[in-house]
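Please build the complete structure, drawing on both the sequences and the hints.
Chains as they are written, first to last, in my numbering: chain A, 1 to 259; chain B, 1 to 157; chain C, 1 to 275.
Each statement offered as a hint is correct.
With a straight-line cut-off of 25 angstroms between C-alpha atoms, the simulated DSS-like cross-links for lysine-lysine are: (1) B:125 - B:54; (2) A:28 - C:90; (3) B:54 - A:191.
Keep in mind that the hints were calculated from the coordinates and are not lab data.
Now for the letters of each chain:
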Amino acid sequence: MLEWIRQLGRSGISQFETLGRANLFLLKTLVGLPGLLRRPGLLVTQLWSVGVLSLLIIVVSGLFVGMVLGLQGYNTLVDFGAEESLGVAVALSIVRELGPVVTALLFAGRAGSALAAEIGLMKATEQLSGMEMMAVDPIHRVIAPRFLAGFISMPLLAAIFSAVGIYGGYFVGVGLLGVDDGAYWSQMQDKVDLFDDVLNGVIKSLVFGWVVTWIAVFEGYDAVPTSEGVSRATTRTVVYAALAVLGLDFVLTALMFGD
Amino acid sequence: MKSNKTTELMVGMFIAAGAAALFVLAMRVSNLSSFSTGDTYHLTARFENVGGLKVRSAVTVGGVNVGRVTGIDYDSERFQAVVSLEVENRYNRFPEDTAAAIYTAGLLGEQYVALEPGGSEEVLKDGSQIELTQSALVLEKLVSKFLFEKAAEGEKK
Amino acid sequence: MDAAQPQNDSDTLVRIRDLHFSHGARVIFDGVDLDIARGKVTAIMGPSGTGKTTLLRLIGGQIDPDRGSVQVDGEEVPALSRTGLYGLRKRMGMLFQSGALLTDLTVFDNVAFPLREHTDLPESMIRDLVLMKLQAVGLRGARDLMPSELSGGMARRIALARAIALDPMMIMYDEPFTGQDPISMGALVQLIRLLNDALELTSIIVSHDVNETASISDYVYVISQGKVVGHGSPEVLENTDSEWVRQFMQGLPDGPVPFHYPARDYAEDLLDHAV
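Structural data, given as structure tokens:
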């Protein structure tokens with residue numbers, strides 16, 4: 001019994017240590033960011049690998065989410081005779097919530113796990129150590145461009161998801177189910193506020209981008225340098241990032257859309 | 001360090017696509033297009049009951065959106081709700097006896113302020129108060145009024 | 001057992017005194033004294049797991065000792081600031097066991113990496129330097145290959161070319177001969193000695209491949225259980241008084257380090273049917 005409590009204490013202390021390490025790591029990364037201005041090539045390469053390569057899954061998911069929303073939204077609204085408001089339902093759901101959150105979850109799974117694995121592998125094959133011995137700070141050269149790329153990519157991907165989703169809803173609602181074209185857009189434009197909805201969605205995706213990328217690069221950097229260690233780091237990335245996104249989403253939603 | 005031309009091109013297109021998506025969201029999806037340019041003047045109106053009226057609710061005349069509700073306060077001395085409105089400058093010729101009523105859009109819709117122009121020579125200026133107001137209809141009062149009338153009718157028989 | 005040791009301070013590039021280092025509960029170094037002479041090839045040998053790699057990391061400043069002094073070229077390594085440490089590292093080359101080439105860059109870019117990071121030389125000059133370094137290790141023709149396309153031996157030679165890119169004053173080799181076929185081994189052995197003499201380097205080889213290492217070393221330290229158990233030139237060590245060192249140097253299967261793991265009497269064990 002006592003041993004169990006001690007175990008709990010030990011694990012708690014180690015969690016705090018990890019948290020501390022993660023924060024110091026973040027600070028070092030941020031310090032390394034200005035150096036990227038001199039070497040934009042590094043950032044561009046990472047934007048490609050983190051952002052562009054995520055486009056396919058984001059666009060396809062956005063399309064399907066929007067289409068399903070169109071379908072389900074129609075089914076529910078038609079009972080109230082309010083199917084003309086489909087545009088509003090689809091747009092608000094996507095712009096406020098589904099856009100930032102689903103994009104962040106997909107990003108964590110696709111780009112986050114890739115980042116963690118790549119960095120963990122570099123650690124396991126002593127590439128990071130090698131850089132250190134060559135007097136090149138691996139945090140500045142390897143981590144910082146990836147972090148910035150994730151932070152920049154996330155809101156762009158979320159915006160693309162949202163736009164594609166709304167058109168997906170349009171395709172199903174107006175194209176297939178007969179909702180009035182004008183009503184779809186005009187009611188939407190009436191109800192969706194640039195600042196309260198669109199901007200808040202962008203802010204959410206910026207926060208998610210920061211957190212998901214931070215978790216991914218840290219787990220990779222902190223991984224045990226064996227193949228098992230890297231695999232565990234990748235899993236942890238996806239799980240922690242997903243939980244963080246959902247938890248933060250609740251907090252942000254309460255702050256932004258509550259009273 | 002080995003970003004070749006194709007990579008750069010794709011990244012550029014990615015960022016352009018993201019920016020375009022944001023643009024679409026701003027222009028086509030949100031209410032940006034009906035944003036007033038900020039040239040508005042201020043009016044107030046007092047109501048017994050504002051019902052479900054909210055800040056940023058629409059102010060319309062003849063169904064056309066001419067402004068927004070910018071504030072809802074309560075005057076505890078005269079027991080009235082004070083609603084602040086901002087109306088676009090180009091609609092500056094409302095007669096002084098214009099009435100303001102709170103209606104509901106559709107069956108479940110949100111509430112808005114509808115202005116009905118009067119006939120006076122004088123016009124409402126910045127800071128004026130609309131005197132004639134009609135409060136929002138409260139469902140419970142309607143129902144109890146209906147029941148009361150029904151009961152009264154029954155008694156008379 | 002003591003042979004001619006580098007006595008003069010200016011002859012000593014790396015000076016380690018009373019080094020103590022523990023990793024958790026394990027004591028890795030328990031009072032170690034070492035002198036690495038300038039311009040010479042010094043080997044640090046010992047059984048697996050004695051912390052030989054740790055020693056290189058202590059010299060390179062990647063970790064700090066618990067106690068004791070580590071001096072490189074007169075500077076106290078643990079006391080260096082970040083800038084000072086990075087400045088020192090530019091003058092050190094390190095060859096990792098796996099080569100540690102950056103997998104997303106070509107061979108050429110890998111060797112050019114330290115030049116591009118730390119100098120402002122124009123690309124044309126960098127190209128010439130890289131080709132010269134690659135030529136020195138015999139792999140100029142491999143310059144456009146990716147690390148994944150290289151054999152282990154080739155990867156190590158490329159890593160060596162990269163380690164000498166900035167013309168360092170010393171190179172540290174971490175188990176360079178492990179797992180090599182005889183030809184690659186021979187090439188690498190010769191290369192290490194050649195480069196050391198041609199470029200006036202100081203080389204530190206950490207290894208447990210006794211024969212290869214001893215064949216090119218000027219001086220050898222044997223470390224076991226956290227202490228130096230023998231040191232001297234290779235000839236001196238072969239004829240040392242210490243039985244342990246002799247067992248190690250000659251690769252004898254049995255001696256102070258026994259062949260048999262401690263167990264019961266053999267006859268008893270076999271005849272004991274009850275267990």
